[in-house]
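Since the structure of chain A is already known, use the hints to place chain B on it.
So the sequence lines, in the order shown, correspond to chains A and B. Using my numbering, the first residue of the first sequence is number -5, and each one after it goes up by one. Using my numbering, the first residue of the second sequence is number -5, and each one after it goes up by one.
In short, the hints are calculated from the structure, not lab data. Honestly, I wouldn't trust all of these hints.
The list treats identical chains as one, so a pair stands whether inside a single copy or across any two.
[As the list claims (entries may be wrong)] Think about it this way: if two alpha-carbon atoms lie no more than 25 angstroms apart in a straight line, the pair counts; the simulated DMTMM-like pairs of lysine to aspartate or glutamate are:
hint	residue 1	residue 2
1	Lys110	Asp93
2	Lys94	Glu42
3	Lys110	Glu120
4	Lys118	Asp103
5	Lys94	Asp126
6	Lys133	Asp1
7	Lys116	Glu42
8	Lys69	Glu42
9	Lys116	Asp101
10	Lys112	Glu42
11	Lys94	Glu127
Protein chains: 2
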Amino acid sequence: MIEPFDDTYFMKKALQEAEIAFEKGEIPVGAVIVIDNRIIARGHNLTETLTDVTAHAEMQAITAAANFLGGKYLKGCTLFVTLEPCQMCAGALYWSQIDKIVFGARDKDRGCINLKTKLHPKTKIEGGILEDEASALLKRFFIVKRNLN
Amino acid sequence: MIEPFDDTYFMKKALQEAEIAFEKGEIPVGAVIVIDNRIIARGHNLTETLTDVTAHAEMQAITAAANFLGGKYLKGCTLFVTLEPCQMCAGALYWSQIDKIVFGARDKDRGCINLKTKLHPKTKIEGGILEDEASALLKRFFIVKRNLN
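With the rest of the complex left out, here is chain A:
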């Protein structure tokens, strides 16, 4: 049987969120949270719009998913995010006990892998899904921003 709902499908949905951030002048990072092949939460970076360093795509998606589920633990859920989570977001994901994190582009300087942020023992993490698309969007954003300044 053909399964249309794969990692690429959901990462495209996260990329759509990243594009919304881009159009708002935000660093383009987007996220969706999925349970049983169903998107229950979306988020995109809004740190500039909300003047709030905590307003990362993942943080908003975590809050929205818990709100949808009526419980603060994201058991059975997978987060798809276009950029490797930072320490803050990985720390929030630790508390959420989420099943799986799937990210697009690596963030070698500020990402949770090189900074060794502790994840919950139940949480699996995987990267590189549509990495080129996520990176290209980020690069395009910084080129546009440089040209505007």
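Showing chain B alone in chain A's frame:
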């Protein structure tokens, strides 16, 4: 000249926030953010009330302080928090570029020091202010909770 506004004074204000959390049935952690000896933001743990793992005292205080200042960077600010920040909160404080973090009780298992969460190079961190009071409040909470179950 006598300076009434010292670390102990502001940590007592953070402890008052922790007591509010306690009364709401939340793990009692409280925080205030101070600039020029003036409290510009308060927060207490609301993870149960809001069904949201991200609703730590520090996260709410960071968001409130940025809102007060009209800018997302907390330059010139000090956070007083009754318990050593976790990875999530320390990660948020990294992004905020806050000047100083003063905490009460240590959290050896889930705190940012032993988990080596990266802070901004400008940020100083200091612990142990009213540590006994903060620890006693946490212990009392868990005793009450155990007896209720």
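So, going through the hints one by one against the coordinates:
1. Lys110 <-> Asp93: Close inside one copy (18 angstroms) and across copies (24 angstroms); limit 25 angstroms.
2. Lys94 <-> Glu42: For Lys94 and Glu42, the Cα distance is within 25 angstroms only across copies (23 angstroms; inside one copy 28 angstroms).
3. Lys110 <-> Glu120: both (15 angstroms within a copy, 22 angstroms between copies)
4. Lys118 <-> Asp103: both (21 angstroms within a copy, 21 angstroms between copies)
5. Lys94 <-> Asp126: Only inside one copy: Lys94 and Asp126 sit 21 angstroms apart there, 38 angstroms across copies, limit 25 angstroms.
6. Lys133 <-> Asp1: Classified as within: same-chain Cα gap 23 angstroms, cross-chain 44 angstroms, threshold 25 angstroms.
7. Lys116 <-> Glu42: between (33 angstroms within a copy, 22 angstroms between copies)
8. Lys69 <-> Glu42: between (31 angstroms within a copy, 17 angstroms between copies)
9. Lys116 <-> Asp101: both (23 angstroms within a copy, 22 angstroms between copies)
10. Lys112 <-> Glu42: Close across copies (22 angstroms), not inside one copy (27 angstroms); limit 25 angstroms.
11. Lys94 <-> Glu127: within (21 angstroms within a copy, 38 angstroms between copies)
Going through the hint list in order, the structure satisfies each hint without exception.
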